[in-house]
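K.L.:
Mapping to our numbering: the sequence shown position 13 is 7, numbers consecutive.
Keep in mind that the hints are not guaranteed to be accurate.
Cut-off 16 Å, straight-line C-alpha distance, at most; resulting in silico cross-link-like pairs (EDC-like, lysine to aspartate or glutamate) [said to hold, decoys possible]:
1) 40 - 114
2) 40 - 115
3) 128 - 159
4) 23 - 132
5) 23 - 137
6) 55 - 92
7) 63 - 89
8) 122 - 35
9) 122 - 30
10) 45 - 114
11) 70 - 89
12) 135 - 152
13) 122 - 89
14) 45 - 115
15) 112 - 30
16) 63 - 92
17) 40 - 137
Restraint-style ranges between C-beta atoms, simulated for each label pair [claimed, not checked]:
18) 70 - 110: 33 to 41 Å
19) 23 - 106: 43 to 51 Å
20) 159 - 95: 24 to 32 Å
By construction, these hints were calculated from the structure, which means they are not laboratory data.
Glycine included, C-beta positions come from ideal geometry on N, C-alpha and C.
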Amino acid sequence: MKTSLLKAATLAAVLSLSTLAAHADDALKIGYVSAERVLRECNLAKAAQAKLQAEFTKREKDLADMDAKLRAAADKLDKDAPTLSEAERNKRQRDVAEQSRDLQRRQRELQEDENQRKNEELSAIVDKANKAVKQIFDAGKYDIILQDAAVFVGPRVDITQKVIDALNAQK
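Build the full structure now, drawing on both the sequences and the hints.
P.N.:
See below:
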């Protein structure tokens, strides 16, 4: 619902500006940027994704190993349960339950760390993308640049590739 209202308001604003521009001497120059495409295709985003993958691969592997050991211990407990004394069975059940809680805690911590780092990297890329959009806005003498709020966009006003190229040119 909010998206529909936002799109309707954006469309109304663009139509109002277009009407004003029709009466003005200069034509209204409008641009559009697909933030999703910028974040998917620019080299900075690809590098950040690779960096995050490398950063968390070892912890993910450790958790997978821990999960495999836990499953093996649970299977062994199920297999051995009929022959174990009640005290030994209870002890092993507590051990498996404790290992399971530890694994779940570590998985949550990993997920939180991954989300935090992803947000940090994304924030840096968004800041750079916004600066690139501003530079293109100024250099191209645009009157308005829409970002992901447009209802329909023709290729003539889509400056997404310019933003991607500007980001890729940065070092």
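K.L.:
Work down the list of hints and note, for each, if the structure agrees.
P.N.:
The hints, checked one at a time:
1. 40 - 114: holds, 15 Å
2. 40 - 115: holds, 11 Å
3. 128 - 159: holds, 14 Å
4. 23 - 132: holds, 12 Å
5. 23 - 137: Holds, because 5 Å separates the two Cα atoms, which is no more than 16 Å.
6. 55 - 92: It is violated: about 20 Å lies between the C-alpha atoms, which goes past 16 Å.
7. 63 - 89: holds, 12 Å
8. 122 - 35: holds, 14 Å
9. 122 - 30: holds, 14 Å
10. 45 - 114: Roughly 12 Å separates the two Cα atoms, so the pair holds.
11. 70 - 89: Status holds; Cα separation ~12 Å.
12. 135 - 152: Answer holds: residue 135 to residue 152 is near 15 Å, not above 16 Å.
13. 122 - 89: violated, 50 Å
14. 45 - 115: Roughly 10 Å between the alpha carbons, so the hint for residue 45 and residue 115 holds.
15. 112 - 30: holds, 15 Å
16. 63 - 92: holds, 13 Å
17. 40 - 137: Violated. Residue 40 to residue 137 sits at ~31 Å, over the 16 Å cutoff.
18. 70 - 110: 33 to 41 Å: holds, 37 Å
19. 23 - 106: 43 to 51 Å: holds, 44 Å
20. 159 - 95: 24 to 32 Å: About 50 Å separates the Cβ atoms of residue 159 and residue 95, which means 24 to 32 Å is violated.
Figure legend: structure checked against the earlier numbered hints; hints not met, in rising order: 6, 13, 17 and 20.
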